[in-house]
Each structure stands twice: as C-alpha cells, then as structure tokens.
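Let the sequences and hints guide you as you build the complete structure.
This note's numbering numbers the first residue of the sequence shown as 738 and each following residue consecutively.
Just so you know, the hints here were simulated from the structure itself, not pulled from any lab data.
Every residue, glycine too, gets a C-beta built ideally from N, C-alpha and C.
All the pointers check out, no bait thrown in.
Pair ranges (Cβ atoms, derived):
{"id": "1", "residue 1": "Pro968", "residue 2": "Leu810", "range": "24 to 34 Å"}
{"id": "2", "residue 1": "Ser1045", "residue 2": "Asp954", "range": "20 to 30 Å"}
{"id": "3", "residue 1": "Gly801", "residue 2": "Gly1036", "range": "40 to 50 Å"}
{"id": "4", "residue 1": "Gly793", "residue 2": "Glu999", "range": "15 to 25 Å"}
{"id": "5", "residue 1": "Gln894", "residue 2": "Met861", "range": "27 to 37 Å"}
{"id": "6", "residue 1": "Gly1036", "residue 2": "Glu999", "range": "23 to 33 Å"}
{"id": "7", "residue 1": "Lys744", "residue 2": "Asp789", "range": "16 to 26 Å"}
{"id": "8", "residue 1": "Lys811", "residue 2": "Gly1020", "range": "18 to 28 Å"}
{"id": "9", "residue 1": "Lys1049", "residue 2": "Asp874", "range": "42 to 52 Å"}
{"id": "10", "residue 1": "Lys744", "residue 2": "Glu970", "range": "50 to 60 Å"}
{"id": "11", "residue 1": "Asn876", "residue 2": "Glu836", "range": "39 to 49 Å"}
{"id": "12", "residue 1": "Glu1001", "residue 2": "Asp746", "range": "52 to 62 Å"}
{"id": "13", "residue 1": "Ser981", "residue 2": "Pro754", "range": "49 to 59 Å"}
{"id": "14", "residue 1": "Asn876", "residue 2": "Lys811", "range": "21 to 31 Å"}
List time: in silico BS3-like cross-link candidates among lysine-lysine, alpha-carbon distance up to 27 Å:
{"id": "15", "residue 1": "Lys896", "residue 2": "Lys939"}
{"id": "16", "residue 1": "Lys811", "residue 2": "Lys882"}
{"id": "17", "residue 1": "Lys882", "residue 2": "Lys759"}
{"id": "18", "residue 1": "Lys811", "residue 2": "Lys858"}
{"id": "19", "residue 1": "Lys896", "residue 2": "Lys955"}
{"id": "20", "residue 1": "Lys811", "residue 2": "Lys759"}
{"id": "21", "residue 1": "Lys744", "residue 2": "Lys759"}
{"id": "22", "residue 1": "Lys882", "residue 2": "Lys750"}
{"id": "23", "residue 1": "Lys811", "residue 2": "Lys896"}
{"id": "24", "residue 1": "Lys750", "residue 2": "Lys811"}
{"id": "25", "residue 1": "Lys1049", "residue 2": "Lys955"}
{"id": "26", "residue 1": "Lys939", "residue 2": "Lys858"}
{"id": "27", "residue 1": "Lys858", "residue 2": "Lys896"}
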Amino acid sequence: MIPNRAKVDALRKQYPPGTRIKLEHMNDPYPVEPGTGGTVRFIDDLGQVGVDFDNGRSLSLIPGEDTFSIQHLKTLNFYMPMIVTADRIDEWGGYVDDEPEQLTDQESIDYADIIRDAILKERMPEEAERGMMIYHDENDSLNAKVQSFRFDVDVRQGKLWGVAECELREPLNASEMSDLIEVIVGQASDGFGEGFEQRGLKTPDNDTVYASLWSSDKTWTIQTEQERFSPSELPEVCLSTLPSTGEIICIKRGESGYYLSEWETGNAERNRQIVDYHNQRRGITPAQEEAMVGGSLFGWNTPAADPSRYEKPENSAPSMSL
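Structural data, given as structure tokens:
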C-alpha cells in the first residue's frame, strides 16, 4: 500500500538525513546483518528509508516490514591545554616585542570567544556530518565506531582548553581509544592545528593573537573530560609493554587482559620509549601504568590495581622522555 503524504512527511521528520539507525531485521533475500549501523540519506515518496550502511551497502528500509531503531550517539570529549600568544601593538602601531608574548590564563580566557569563532569559521561544508573524521580514510573499526570529532574551546577551572568533541556510535576498546587519541593529536599538531596556530586573530585592541591546540612542551597532555576534571585513581586507557617480549599493549580500565598495539616495532627498547612518550602525553604516571597492568591481570578490585603500591620517591622516578 502506498502511504499517504502525511505519513511520508512524518517519516521525514522522524528520520531526517544524517540520522543514525541500527538495523534489527531486514525482510530481504540478501539482508544486511542485524546490528549493523547506518546513516539515513533520504525518505522517498513511497516512505522507504534510504540508508548507507557502515558495511558499505546502500539499501532502502521499509517501515513495518523491516525493523530498526535510532542509534543514539554518545559524546566523548578530550581536553588539551591551549597556548595563546599575542603580538602587542604600541600607540605608534609598532610591535612591542620582537617575539609574540605568551598570555596568562586569564588573558587567554578573555579571547575565548574570538578563538572559538575562528575555529567555527574553519569548518568546511564537507565536514558537516563527520567533522575531522573524514580525513581518517582507513577502513577500520575506528571509522566504523566514531561518527565525528570536531575542535572547540572551553573555559574550565580558570584555564582555556582546546576540546576535541567526539560522537561515538559504539564504545571503543583500548586499542581503538589509543588510535582515536592519535588521530586527534595528529590533527592538533600537524593537520588542522598547524595551520590554525599560524592564523593571526585580530583583537579589539588591534593586537594579534595566535592560539595553539598542541605544544611540544612536556607539560602538554590530552585527557578525557573525566580524567582531566574528575580524575579517578586510574586513567581510562594506557599503554604498556609485555615483560616477557617487550611488545606494546593497550589496556582499558575495567577490562581483563589487553590488546596488542599496531605501534609494535619489534624492538623492546624502542617500544618502551614509545610507551613512555605517549603515556606522558596522556598525563599517566609510571605508577598508574603498573596499576593498570595489575588490574588487567589480577582484577580491578585487587591491591594490584592500586597505583599507590607502585609510587616511588620523586628523586628515583624513571625518566619519561624519549
């Protein structure tokens, strides 16, 4: 039966283009696998829902014959300290200093709106649906699970932060979380962020400010919103190495066991340097790393998952630098 115009219009309001759905059952000789996610592209005049599925297939669903539900996205935000510098202009129109001056936290906050507006203006039309994930062209589980991520800024605890706002279709495992962090860091340092930090932003005082999402300074870290502002004893994910082989592994808080990392080099010493570097960037201490290993092997409610067991005097702490 051909649906009337009112029903078609109602479907178009319920499932506008870009809506994420999850298939439950398809009445088709060659159905898409149940549980597959997809993105609504259109509702035709017959009331059929055109969907691009995450497995690469594009098929139409028929409400009443096929069953599916809206896939609600979950938000995961990563925070990184934003560094703001300024070229000051004197009363004669010349520069006050030869080099840009790094601003204090409060001065940086004063320019938050200017920086946010500039970031929003940088967003391209082709990024509307998936943000900067369109530049991750790997056909992998990360692309399947992460709908989008976009940069923004936020003011918290008296500081200006760069934020990577991520929308997830499904929860990430430890390896996927590490990969997402690297995608974000890559865009903050060498992709979007590299170009953005070179674009001077004019202030009402005719000064020019420059905002950096990334820094080579060892104090720069990237952490989830919970890790940054509501820290638990342990991070959500971390890297480590297997004592027996020196292979790089990824560990997720609360999960037993570990995932092998794609960053494996075959060289135990180099692996250890990579792990130390990335954990330092995540604000993860050696004691927390050891507790994460203990929790993944012996249980998260055991003393092995308590980082205080592994803390050492400050003067004997191992170096975390490459």
